[in-house]
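Chains Y and V, in that order, are what the protein sequence lines are. Residues in the first sequence are numbered consecutively from 1, following the UniProt record's numbering. Residues in the second sequence are numbered consecutively from 1, following the UniProt record's numbering.
Treat the hints with care, as some may be off.
Quick look at which bits of chain Y chain V covers, simulated, 3 or more residues with Cβ under 8 Å [said to hold, decoys possible]:
1. 34 to 46
2. 60 to 71
3. 139 to 152
30 Å max Cα-Cα, derived BS3-like pairs, lysine-lysine [to be verified]:
4. K90/V - K172/Y
5. K166/Y - K336/V
6. K336/V - K90/V
7. K170/Y - K90/V
Just some of the chain V residues that point at chain Y, by a computed CB distance under 8 Å [said to hold, decoys possible]:
8. V49
9. Q76
10. D189
These aren't lab readings, by the way, just hints derived from the structure by calculation. Using N, Cα and C, we set each Cβ at its ideal position, and we do this for glycine too.
Each chain is listed here by its residues.
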Amino acid sequence: MTDSKTASGRTNPSDPARAWVFGDNVDTDQITPSRFIVSSDPDELAQHAFEDLRPEFSESVESGDFVVAGENFGSGSSREHSPLSLVGAGVSGVVAQSFARIFFRNAINLGLPVLICPGADAIDDGDEIHMDLDAGVVVNHTKDEQYDAEALPEFLQSLVEQGGLKAYTKAKLDR
Amino acid sequence: MTGKTLAEKLLSEKSGTDARAGDYVEAEIDVAMAHDITGPLAFQTFHEVAGEDADLFAPDRTIFTIDHHAPADGVQAANNHNAVRDFAAKHGANQFDVGDGICHAVLVEEGFVSPGDLVIGADSHSTTYGGLGAFGTGVGSTDLGTALASGELWFRVPQTIRFEVDGDLQDGVYAKDLILRFIGDVGFDGCTYMAAEYAGSTIESLPIHERLVLSNMAIEMGGKAGLVAPDDRTAAYLERQTGNEIDLDDAFRSDDDAEYESVHTYDAAELAPQVSKPSNPENAVDVTDVEGTEIDQLFVGTCTNGRYEDIKIVADILEGETLAPSVRMVVVPASKSVYRHMLNTGVFQTLTDAGAVIQNAGCGPCAGYHQGVLGDGDVCLATANRNFPGREGSMDSNVYLASPATVGASALYGEITDPRNIQTNRYDDTIFAEVLP
Numbered sequence: 001m002t003d004s005k006t007a008s009g010r011t012n013p014s015d016p017a018r019a020w021v022f023g024d025n026v027d028t029d030q031i032t033p034s035r036f037i038v039s040s041d042p043d044e045l046a047q048h049a050f051e052d053l054r055p056e057f058s059e060s061v062e063s064g065d066f067v068v069a070g071e072n073f074g075s076g077s078s079r080e081h082s083p084l085s086l087v088g089a090g091v092s093g094v095v096a097q098s099f100a101r102i103f104f105r106n107a108i109n110l111g112l113p114v115l116i117c118p119g120a121d122a123i124d125d126g127d128e129i130h131m132d133l134d135a136g137v138v139v140n141h142t143k144d145e146q147y148d149a150e151a152l153p154e155f156l157q158s159l160v161e162q163g164g165l166k167a168y169t170k171a172k173l174d175r
Numbered sequence: 001m002t003g004k005t006l007a008e009k010l011l012s013e014k015s016g017t018d019a020r021a022g023d024y025v026e027a028e029i030d031v032a033m034a035h036d037i038t039g040p041l042a043f044q045t046f047h048e049v050a051g052e053d054a055d056l057f058a059p060d061r062t063i064f065t066i067d068h069h070a071p072a073d074g075v076q077a078a079n080n081h082n083a084v085r086d087f088a089a090k091h092g093a094n095q096f097d098v099g100d101g102i103c104h105a106v107l108v109e110e111g112f113v114s115p116g117d118l119v120i121g122a123d124s125h126s127t128t129y130g131g132l133g134a135f136g137t138g139v140g141s142t143d144l145g146t147a148l149a150s151g152e153l154w155f156r157v158p159q160t161i162r163f164e165v166d167g168d169l170q171d172g173v174y175a176k177d178l179i180l181r182f183i184g185d186v187g188f189d190g191c192t193y194m195a196a197e198y199a200g201s202t203i204e205s206l207p208i209h210e211r212l213v214l215s216n217m218a219i220e221m222g223g224k225a226g227l228v229a230p231d232d233r234t235a236a237y238l239e240r241q242t243g244n245e246i247d248l249d250d251a252f253r254s255d256d257d258a259e260y261e262s263v264h265t266y267d268a269a270e271l272a273p274q275v276s277k278p279s280n281p282e283n284a285v286d287v288t289d290v291e292g293t294e295i296d297q298l299f300v301g302t303c304t305n306g307r308y309e310d311i312k313i314v315a316d317i318l319e320g321e322t323l324a325p326s327v328r329m330v331v332v333p334a335s336k337s338v339y340r341h342m343l344n345t346g347v348f349q350t351l352t353d354a355g356a357v358i359q360n361a362g363c364g365p366c367a368g369y370h371q372g373v374l375g376d377g378d379v380c381l382a383t384a385n386r387n388f389p390g391r392e393g394s395m396d397s398n399v400y401l402a403s404p405a406t407v408g409a410s411a412l413y414g415e416i417t418d419p420r421n422i423q424t425n426r427y428d429d430t431i432f433a434e435v436l437p
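For reference, chain V alone in the conformation it holds in the complex:
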């Protein structure tokens, strides 16, 4: 028998079986999450299978957020919020409210996720937790609702596609550029039913906030999970940010002789900043191919790139500058602590002075609900994860996806701009912790 992948090991551990790719297992859930869109349907399922007064499998490890329509932009949204509040209060679950931030930012910041955990979220970007070495995956509301009662869920153990990156990234090139390139190479469905695993010296040297970007967008190639083997950097990050002590003694990594569906290797130094053209994340090209494309709106935020480090990169570029007259910029911090740090460190002032609009923490216009919806003919350059037709508004609008640095550089000129032409900064994991109260 060959060795096992990280995904096989994680699901073996959680199912108590010798799980191999292709096996079907029932696994124990460590953490479950839903938000204001997917929660109400999951609650219906929970009531149906377990009854109104049943106990959650683990209230302390169940989290509900209000982030997609926050603050409420209509009566139905407000009613959904109340449904989340009522269910959480009745069952003693953790609940985060309007302005607290995006589920995936909150779960990481609040220390709900540890390496080795099996995390299910009723949100497709639940792959984010792979950046901490947890098996995070997105599920629907019925899956989540039944798991809230039973603490278990079935999984097909995925094959793994390995993305191996070595060398140093150029200045102005970030994890976002790597993941857009990966998606471009395997395609929008290239990793469907499979796990992505990110490895190599470049990945090992990436700060955790950057690893989370890679894992977050695994779903944009269809991935069930996007995993990075946890290491000392992971432990230090979690200990610093959450105060949780992390024991890596039992942490898993793929065996050297593990079997992969395929292995893709990259030389980091050769990668240019990437931009995914409308209307699919797989349309990734070098920024030089789309330089000069005129922009109407810039959007900085989302569970992909709405962290403090991301917004700080944009603020550094805009320090003492103003937006090109033809553009507007919407900034949406991923969490309340990001928002607070922006206030405390002058980032808020810098962005406001440059002409940006800063909104409360949450999902913002990413899915076209509110707070910056696009009109007919609008072109948006976003740090977001999706650019499907009509995703951020009109079916006749166009969304390009890029890194915060590319968005910041483009804001200066009103057109897609190569961030390598200007000074860009890169931050390690300590900058966010430094400003913690």
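One chain only, chain Y, in its complex shape:
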């Protein structure tokens, strides 16, 4: 994993990078197999991301890369270890045709950008893409195409703008 993280430690989803494309119904057991989730350490979890489904992922993924998937990404268990493993791997965002509910909440809570993008199936493995979160589009540089994504609901947008659930709760407790 090369280090192209920003000063804040976060990768920037507006920087073009490689898309790792997965299919439908990729559940959390396939993202982070159960035997590894005794750890809560992002770097350790990253070493096992998609280990059974796509063993080359953890070795070859580079900081800033994207995960692209079909329908119902992150279904199954509530383990936050799954989005955390992607954060640890330096993945700068996940684009899917749809997400399972708990994974979607967990990703937002961890500050991992997620976009629901019905046209994501046009993206091929290895394409160079970036996410434009403000415009709500995914840009495919390899194919010179772009795909509309669903805007975050207003409530969630506001939560993200307030620094996410942790910052929001902290502020609430301090009041």
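Assemble chain V onto chain Y, guided by the hints.
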């Protein structure tokens, strides 16, 4: 304005708003739970937002269990257990240890959940509590950790898909067969961001331990909750099992003119036993379609079907019999009281004599951690809830999901067998209470 669904009413009550599907609300949490996998991350969040020495929003309504890797199968698991014990002790929360059982069994048995409650669990099968008429839902560790401090969490009020079932189930057909059929019909993501509601005369006549099965697996169609309107049966069950007196005067049910995303109706008498083929719960077919499929391992247990009544059904089938020579059977009671009742009522002896291996109460091999992990090429027939690729072990193993009766019948022959071909029993809610000490 049309009437409201049960889900809308429950979240209206807990948020103090007139909540409608699609609204975002902040709601007050009644009960919060995490276990040995999800707890440690939630504790980090709690410390981050509230500080090391902060108070829990309600220690008496906060529960931590040690069930997924119990007893510890490695140093990291053991350290996680200690983290759970330390956090619970420091903050005065309820804590259940190795062998006490699966979170969802423990919360119900110990009387932590009442109709109308809003229950969040850092475990996806927290939808189970819908079987008692509570809004139970699974959340991640950050959600849970912040709620432990604030006692509140945001929710999008879900639309509801209603599953309406009328008539009598055939002998050998159970709630597990109903839910596998529902999942097969709407699909693995058919209820995502929505609540499932189970209603109709069949559901009303189901004992509570069977309703819990329906609610438990709502998540296998993506459901945020799986609700059954609480009734006298619910109250009687909770009073008998927990000693808690239940007041149903304020209990909610959906209005007749409530708006549903969709309504699916079923004739119970037409339903055959269901089996979900590898590798997704939505691959539900009539048992007759897969009869004769050879099995290597049978697994009886989990938060779905590890209750006393479930294991008793299997024991009844195996009474005086032995497992087919080609199979092994792993039995994992859902709770310590189930384990104890198995000992006291001869179920333990029956299963052991038949050749089964009985383990301590907990999650067992359901998620492929330990206690019966599958190898390459293994085929397992399980009373579990998930059969994803590699879920119970090797990526080259295959898991079929079915009811305890189907698993019991199949154990006799070493291949998937229609339980309607043999004598099967059905139990009401009193059998477990009868053997309570």
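- Looking at the structure, which of the earlier hints fail to hold? 2, 3, 5
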